[in-house]
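Student: The lines below spell out each chain.
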Amino acid sequence: GAGVSQSPSNKVTEKGKDVELRCDPISGHTALYWYRQSLGQGLEFLIYFQGNSAPDKSGLPSDRFSAERTGGSVSTLTIQRTQQEDSAVYLCASSLARNQPQHFGDGTRLSIL
Amino acid sequence: GENVEQHPSTLSVQEGDSAVIKCTYSDSASNYFPWYKQELGKRPQLIIDIRSNVGEKKDQRIAVTLNKTAKHFSLHITETQPEDSAVYFCAAILNAGGTSYGKLTFGQGTILTVHP
Chain A
1 GAGVSQSPSN KVTEKGKDVE LRCDPISGHT ALYWYRQSLG QGLEFLIYFQ GNSAPDKSGL
61 PSDRFSAERT GGSVSTLTIQ RTQQEDSAVY LCASSLARNQ PQHFGDGTRL SIL
Chain B
114 GENVEQHPST LSVQEGDSAV IKCTYSDSAS NYFPWYKQEL GKRPQLIIDI RSNVGEKKDQ
174 RIAVTLNKTA KHFSLHITET QPEDSAVYFC AAILNAGGTS YGKLTFGQGT ILTVHP
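Protein sequence lines correspond, in order, to chains A and B. Take the first sequence: its position 53, counted from the start at 1, is 53 in my numbering, and no numbers get skipped. For my numbering, count along the second sequence from 1 and bump the result up by 113.
Source of the hints: derived by calculation from the structure; they are not laboratory data. All residues carry an ideal CB built from backbone N, CA and C; glycine is no exception.
In silico contact screen, one side only, chain A against chain B (beta carbon under 7 angstroms); selected entries:
no., residue
1, L43
2, F45
3, Y48
4, P101
5, D106
Each computed DSSO-like pair below joins lysine-lysine, with the alpha-carbon atoms no more than 30 angstroms apart:
no., chain 1, residue 1, chain 2, residue 2
6, B, K171, B, K155
7, B, K181, B, K170
8, B, K135, B, K170
9, A, K11, A, K57
10, B, K171, B, K135
11, A, K11, B, K155
12, A, K57, B, K155
13, A, K15, B, K155
14, B, K135, B, K181
15, A, K57, A, K15
16, A, K17, B, K155
17, B, K181, A, K57
18, B, K184, A, K57
Whole structure, please, built from the sequences with the hints as guidance.
Tutor: Okay, here's the thing in structure tokens:
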């Protein structure tokens, strides 16, 4: 079946603009995660959705970052008033349930000019 | 909070040799430990994982061992091949108070180079 799908694959925008990143999880997966990977670095947790529970937002770096998950499926990560330090690859993952293996999408490479 | 340390940061081996990457974690309540392989410009791919009720798990040339007492786990790759060259990440999921949380805390990665 289809894996985790993310769009766009690349996004270049000017500092101060808002961006929206999209994630389509694997069908049937109840848990969805966003991570960020800066150049040559490890993966940093941002936010996690599990079913209808309140999301775990503990990894969001500032109030410019927000995410939602509609209908328990597709998720969007929004970054407002982008800064150059927001440049990174934003990775989405999904799993059948929490504490189950997580499978990643190809990510969105975000570049802030 | 949960912390995962990974060593070495780079590892260079000859084809056919074994490679070992080690990770330590800070919270004894962690209960799930996956390993991911990431090739340049590609997504992280889950290659093997282990849970805290198991000491070792093998899948062909790859094995993972877990020492709960010492709070460390290791990835072992035998008979390495050039296509094993990639960045490898370890990770852990915290289990606090019996409630499993989903988020992964990652190590900083190991760049493995296998020379033909």
